[in-house]
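In order, the protein sequence lines correspond to chains H and A. The first sequence begins at 40 in the numbering used here and counts up by one. The second sequence begins at 86 in the numbering used here and counts up by one.
No wet-lab data here; the hints were simulated from the structure. Please note that a few of the clues may not be correct.
Claimed, not checked - The following label-pair restraints were derived from C-beta to C-beta distances:
#: 1; chain 1: H; residue 1: Gly82; chain 2: A; residue 2: Thr123; range: 36 to 42 Å
#: 2; chain 1: H; residue 1: Gly200; chain 2: A; residue 2: Val161; range: 36 to 42 Å
#: 3; chain 1: H; residue 1: Ala204; chain 2: A; residue 2: Pro109; range: 20 to 26 Å
#: 4; chain 1: A; residue 1: Glu110; chain 2: H; residue 2: Ala85; range: 33 to 39 Å
#: 5; chain 1: A; residue 1: Glu117; chain 2: H; residue 2: Ala168; range: 35 to 41 Å
#: 6; chain 1: A; residue 1: Val161; chain 2: H; residue 2: Asp165; range: 43 to 49 Å
#: 7; chain 1: H; residue 1: Gly200; chain 2: A; residue 2: Glu110; range: 20 to 26 Å
#: 8; chain 1: H; residue 1: Ala168; chain 2: A; residue 2: Ala131; range: 17 to 23 Å
#: 9; chain 1: H; residue 1: Lys60; chain 2: A; residue 2: Glu108; range: 38 to 44 Å
#: 10; chain 1: H; residue 1: Pro198; chain 2: A; residue 2: Ser154; range: 47 to 53 Å
#: 11; chain 1: H; residue 1: Arg196; chain 2: A; residue 2: Thr130; range: 21 to 27 Å
#: 12; chain 1: A; residue 1: Pro89; chain 2: H; residue 2: Ala204; range: 23 to 29 Å
Heads up, the beta-carbon is just placed ideally off N, CA and C, and yes, glycines get one too.
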Amino acid sequence: MNDAHSPDASLLARMAQRDPKALDMFYTRHARAVFSLALTMLGDHACATDLTQDVFLLVWRSAGTYQPTGSARAWLLRLTRNRAIDELRRDRRRLASESTLSEQRFHALPAPLALTDAAERQAVRDALATLPVEQRDALVLAFFQGLSHQEIATCLRTPLGTIKARIRRALQTLRQQLQGEPDP
Amino acid sequence: MAAPLSCDHCEELLVDYLLHTLEPEAVQAMTEHLSTCTRCWVHLTASEAVLDHLAQGVPQRDPPGELGSRLLAAAVEGTLSTASAPVPSAPPDGSAGPSSWQPQMSCSASVWGGGRGMSSGKPRWCISAGRRCSATSRSSARPSR
């Protein structure tokens, strides 16, 4: 089996043995997804580039502890999102201006599904389209901007409990749409 | 030690847990509950899968072409500099070690449980905590622009 067909878990095992070819293949396979998520969340090409490198270096350094219990891609994107959130939260200047979110900026938030056309993403886009706009906005602020519920409540001048309910309901609806779960 | 959670309370906190907005004490309580409650664990993984869909649904963009070679150079450089030592159990800055970013259960339990970076300071697992953007710390690996 050549590298191009090696399962992710196999590549990670080889990275744990310090095989740079495995890192190269793992990067080739996943870099676009990692970079795209980082860019969507950070909105800055240089920061997204560095965050992508950070994520893969973290994987390289700690590959030996990886436990293959799920999709490596999903796991990698969770790492990416968490790193991006930490970057966003360190930006005190952004937080300082977060007390009022201008209408212009709000509508400039990432439209993460607007430009995709893959069939798998279409399903996500369709599911998101079913959400009431206030639920979708709250979810996007929380997931892609890393805002806490309290911050979202402040930004949108909406009670905290309402924001929590909107996000919870949005996730429930997406689960039903994407995973075929019945209404609770 | 965090107080034990009920399933109802766990469900109430689940979204915050997934979205990385819980305080560290609550994260610990969630982690302990999820490690013993199959029902809540199943609920967690189902919700996590939805977020995974969102993460993979963003517009796709190619990273800079030189990033791959830069990454390999940084990785090899790090390997050489630690060639006589075992793989570090924790990142160089002293934050949490590999167990903090294991996938699925462990990932959720601790990567998500890095605490609110905004209010609790350095994330537990971050290899580059303390800087605003990693763009400022690549002088050894990044070619001049």
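**Prompt:** In ascending order, which of the hints set out earlier in this document are inconsistent with the structure?
**Reply:** Hints 2, 11 not satisfied by this model.
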